[in-house]
Amino acid sequence: MWKRFVITIPAAVLSLTLLGGAEGIDKGELECEEAVKHLLDCCPNDGPIKMISCYEGRFCDHASPDLSGATSRCMRDASCDDLYASGACDAPKTTVCQ
Amino acid sequence: MRGLRPLVGLAAALFAVAAHADEPAPGMVEIPTPYPAQDCCTVVARAPSPPTTVLVQGHVGVSYRRALREDFAAAHFELEVGGQDPNIGIGARVSVEAGATRIGLPYQVVTLGPAFNLHVSGRVQLALGLTFGVLVYQRASSRSDFDPNVWGVTAGVNGTVSVDLVRTRRDGALFVLARIGYDYIENTGDSFTQGSSLGATAALGYRY
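From first to last, the protein sequence lines are chains A and B.
Here the first sequence is numbered in the numbering used here, starting from 1 and rising by one per residue.
Here the second sequence is numbered in the numbering used here, starting from 1 and rising by one per residue.
It should be emphasised that the hints constitute simulated quantities derived from the structure, not laboratory data.
Everything numeric in this text was worked out from a predicted model, so none of it was measured.
Quick reminder that beta carbons are idealized off the backbone N, C-alpha and C, glycines included.
Don't take each hint at face value.
[Unchecked claim] Residues from chain B shown here face chain A by an in silico Cβ test under 7 Å; the list is partial: (1) R66; (2) L68; (3) V134; (4) R143; (5) I185; (6) N187; (7) T188.
[Unchecked claim] So these bits of chain B aren't anywhere near chain A, every CB distance computed over 10 Å: (8) T42; (9) P48; (10) P50; (11) V60; (12) D85; (13) N87; (14) G104; (15) G122; (16) L126; (17) V150; (18) V166; (19) T168; (20) L174; (21) S196; (22) A202.
[Claimed, not checked] Distance ranges between label pairs, derived from CB positions: (23) G57/A with T168/B: 49 to 57 Å; (24) D82/A with S196/B: 30 to 38 Å; (25) P44/A with R170/B: 55 to 63 Å; (26) F116/B with D41/A: 42 to 50 Å; (27) T193/B with R58/A: 39 to 47 Å; (28) F59/A with P148/B: 19 to 27 Å; (29) A200/B with D77/A: 22 to 30 Å.
Work the whole structure out from these sequences, hints included.
Written as structure tokens, this is what we have:
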């Protein structure tokens, strides 16, 4: 009986997840989401940050994140003081992070 | 001396009769017995097969995962149910990881899969497991309002060594385990390495 479960359960889970529309992880999207998370933790006003879209389109959808990969990584790894001083808290989409 | 001759003759006659006791008397034919005598049978005892018992074990611990050039740390829970004998065991596992990336983005990994356990010694077990599941992280950006989760299917393999700390009378045990594993995470990249993930787990568990 348990032998049947060993085979059936993983197959069932895999089928359900595939049917459920798992779209796959995009590295650039993840880096952007982490940058946004870091900005939300650092900045006193989260209004401008909530406007950032990190969505990366799949298949025929060609949408790209508002923050490039380099900018996302820079903001993600910057200190809160540096983010505030650079103006990233007020205009994260246009701030150049170096 | 002459008085002993009858005794010597009687002894010789008895010896001759005893020596030919199994031979049929002259003029008689020996008929084989149709069935073997009762005392000829040999009883062959089979070695008893090892007792098979239900395997139920679970553990709680911490996991670290390196994937997509990012660090993931999480609490780790697992339950395994199956069967075992004194040498090997096989079961189905369900595992849950719940944690956050280095920056604090929440994520979860839920996997199911078979596991094969080898009892190396009285207290040490090795296990090989296959995993099939999903990795999910929660968005922080504007899209989080209507599409909060990003999903990727995972498939992997892991190896575990566990050492029993305290054993109970019913073959149960409190144990510690260490595990390393590889998972491939469904992703949008072109290279195989981008979806590759290495993980390690340390946990405290109980086997029923």
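Hint check:
1. R66: violated, 13 Å
2. L68: holds, 5 Å
3. V134: Hint on V134/B: holds, closest Cβ of chain A at ~5 Å, below 7 Å.
4. R143: For R143/B, the interface hint holds, since the closest Cβ of chain A sits about 5 Å away, which is under 7 Å.
5. I185: holds, 6 Å
6. N187: holds, 5 Å
7. T188: holds, 4 Å
8. T42: holds, 37 Å
9. P48: holds, 22 Å
10. P50: Per Cβ check, P50/B is outside 10 Å of chain A; nearest 17 Å; holds.
11. V60: Answer for V60/B: holds, closest chain A Cβ roughly 21 Å.
12. D85: holds, 13 Å
13. N87: holds, 17 Å
14. G104: violated, 6 Å
15. G122: Holds, because the least Cβ-Cβ distance between G122/B and chain A comes to about 24 Å, which exceeds 10 Å.
16. L126: Per Cβ check, L126/B is outside 10 Å of chain A; nearest 18 Å; holds.
17. V150: violated, 6 Å
18. V166: holds, 27 Å
19. T168: It holds; T168/B is separated from chain A by about 22 Å at its closest Cβ, greater than 10 Å.
20. L174: holds, 24 Å
21. S196: holds, 12 Å
22. A202: holds, 25 Å
23. G57/A with T168/B: 49 to 57 Å: holds, 55 Å
24. D82/A with S196/B: 30 to 38 Å: holds, 32 Å
25. P44/A with R170/B: 55 to 63 Å: Holds, since P44/A and R170/B (Cβ atoms, about 59 Å apart) stay within the stated range.
26. F116/B with D41/A: 42 to 50 Å: At 43 Å between Cβs, range holds.
27. T193/B with R58/A: 39 to 47 Å: Distance hint for T193/B, R58/A is violated at roughly 20 Å.
28. F59/A with P148/B: 19 to 27 Å: At roughly 21 Å between Cβ atoms, P148/B and F59/A fall inside 19 to 27 Å, so the hint holds.
29. A200/B with D77/A: 22 to 30 Å: holds, 24 Å
Going down the numbered hints, you'll see the structure goes against 1, 14, 17 and 27, while the others check out.
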